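Colleague: Below, each chain spelled out in residue letters.
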Amino acid sequence: MIARFRELHETRHERARALKAQGRKIVASFYALAPKELVHAAGMVPVQLVEDRDARYETRAELLPYLCGMSRNLGGQIAAGALDYLDGVMVATVCDTNRHMVDVWAHQRAFARLWLLRTPAKDDDGAIAYYAGELRRVGRELGALSGQPVTDDRLGESIGLFNEHRALLRRFHAARPASGVSAEEAVHVVASALTTPVEEHSALVRELLAALPPAAPRAEPRLMVSALNIPMALDVIRMAEKYGATVVTDDLSHSPRYGSAEVPADADPYRALARGYLRRVPAPGMYPLEERAAWIRQAMDQAGAQGLIYLVQLYCDAYAFEYATLKDRFDRWKLPHLRLEAEATPASIEQLNVRVQAFVESLL
Amino acid sequence: MAELDLKTIQKKVTAGASHRKVVAAAEAGQPICVASAGIPNEVLLAMGVSAMYPESLAAISSGIGKAGPFFEEARNRGLSAAVCSYTRCGLGICWTSQTAFGAIPRPALAITDVNMCSLHATWWAYLEDHFKLPTFYLDMPVTDDPSAPDYIAYYAQQIREMVAFIEGNTQSRLDMDRLRAALAHSDRAGLYWRKMLDLRKHRPSPLSFRSLAGWVLPLVIALGEEDTADFYEALYHQGVADVQQGKTPAQGGERYRLIWNGIPIWHHLQLINYFEEKGANFVWEPYTSLNWGNKTSTGRLDLDRPFDTMAEKYTNVYTNKTIERRFQYFDEAIRDYGVDGVVMFSNRSCRPQSIGLHELAELIQERHGLPILFFEGDQADPEGFSWDDARMRVDGYLEILEGRRQGTPA
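Taken in order, these protein sequences are the chains called X and L. Quick note: the first sequence, position 255, residue 255 per my numbering, numbers continuous. Quick note: the second sequence, position 279, residue 279 per my numbering, numbers continuous.
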């Protein structure tokens, strides 16, 4: 059953093309701060742009050398035609690179449609009202593209479906440390959530929760891995476990974070989305620092993690900067942690071996 | 205005003078604010709040070769060298409470914008968190259409909230007469800044980009002050006199007229001099021409609508415009200023300024066929910058320009 999630993730492009062949329109979010509920309510299939390790993409990236691996990789995917099934991309900014990649894509006419969401950095009443208006504008345009207007009722239903999905992922995340689901398998559960129709993924997670594999003996030390880039996270998980550790929980920007913020009930569904997304999804730089640090500590406590590997993808300002703010607290709390910084390439990751091994041994 | 007056006024607006003003203000009991470039200075001035600007201090520290200890402090605090050098150096300044000019007074509050770059949000969040400073974020969501009325209205409301924030955290109160006076000075400074830049359309252009890079400072940190307006008015008159005398920083006469695209390389400003020594003169830059100078539709500030006019000006951010719109600026400048070539600074610290450079270069070459030289490096951190390599590349580039001048493509 668990292998199904991996398959969903790895065949996401083929599956999207099959949906396209059935007449469905597909719109991507770049990244998780762009509400998929809007796309869903317009009758289209929402997916998320995700990085993918493939040498063909790296060689075709043709971008500035100091951009993060995520952006370079997506540039490569576009150049290679891997995302040719998309009818549009909806962008909510999390960093300067992600924001200005949109300029390049617009110039290249990389996608048929691009929506840059004017997303406030605050969540006060003025910001909520402004963002609700912005979502309403984009909702109208999505409805025009699909031919199915985004009505309040449809949007309310979509919000309900995604909230249910988030709740399921939260349940999975809470149950995982005591189950027989490995860290690597857990990454695939979440990665597949990003690109699979929500109804289908919810059904699968429900099935998984009903029959979680029993816990196997766990080697010590137990760790949490915090990372942005999925292939890099998988590399580091394998590396840590190769040296005897068990990664019992993770803090992938796509996973517990995606499931962390439920869109609240509100008579106006656009305002509900604004309230659910502004400063509620714990993306570095867009979330209160105190809460972010506390969340990591609490998640480690709940999973019984003894140490943290915090992986910074080179040129990801958000993570690099967030680390400096977290470090203050980690040091104060005497929370064992290892910061790693690497490019999203196998050669760069390989060089982390010694440090990961030393960190694992230091916790024994 | 006579040259002597310019020198007298200039002494009042130097970085050192600004630092002394902040120290004096603190001693007089005024609240000190840690502010980021691009916030409405005029409001601070009208409320009697004195500000220090870590980005400017970082650029200055780099320019005078004194940024090293601040970068070192940032490294020790766990900040990756891949993070923006203004941020690392600026935080180093805050952590050490030192600048190149002496100790900084204890700030009472912090204010930033969150649009010019997204790092401002995390940078100031860190200040708020680490130094326990009341902090205000002037929200300006990313956009590719900063002229949208609802967008400008949202920012105007942000400025009003900034006033309320200052009033809630200090004894300062907004005096509307002082605000209008500050805006009048700001308007005059912006007006003369633009008039001065227009002088560069003359052949030869009388102004040096190296000088302009330094002269920008009062626009960043002292807009709204009378001295600042006087300074730019005096500079303009000096520029007019220089035009009449045919002065130019290009040695041996102005042979090539260039555009510089990007933030100056503060740690090697002598690179600009090297161009000038070889007869090349920078006559237009987005950095100087599009970031300052009453960026409203009329080119003037409307003193009867203070919040709206500030909102229109401060939301008009160059990097929030599409690549096609940015190209239009280049297209116009290349024609209006008679440009022979473009130098692009691919700046690893500044993604907003650097992403899209190659696409912009393609458009320029398609339309105008101008030779383009790329530099890669960092605005404030000299790590990895090779002066020998830079000069060699300039030499090669100027050979190409000379070949074109003589009708023999290199």
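Hints may contain errors.
Straight-line Cα separation of at most 30 Å, DSS-like style, residue types lysine-lysine; simulated pairs [stated by the list, open to error]: (1) K295/L <-> K11/L; (2) K278/L <-> K66/L; (3) K132/L <-> K66/L; (4) K21/L <-> K321/L; (5) K132/L <-> K7/L; (6) K201/L <-> K295/L; (7) K132/L <-> K334/X; (8) K295/L <-> K122/X; (9) K247/L <-> K321/L; (10) K122/X <-> K132/L; (11) K321/L <-> K278/L; (12) K12/L <-> K247/L; (13) K201/L <-> K122/X; (14) K321/L <-> K7/L; (15) K66/L <-> K327/X; (16) K327/X <-> K132/L; (17) K11/L <-> K132/L; (18) K11/L <-> K21/L.
In short, the hints are calculated from the structure, not lab data. Keep in mind the model is a prediction, meaning the values are calculated, not measured.
Colleague: Okay, which hints does this one fail, numbers in order?
Modeller: 4, 5, 9, 11, 13, 14, 17
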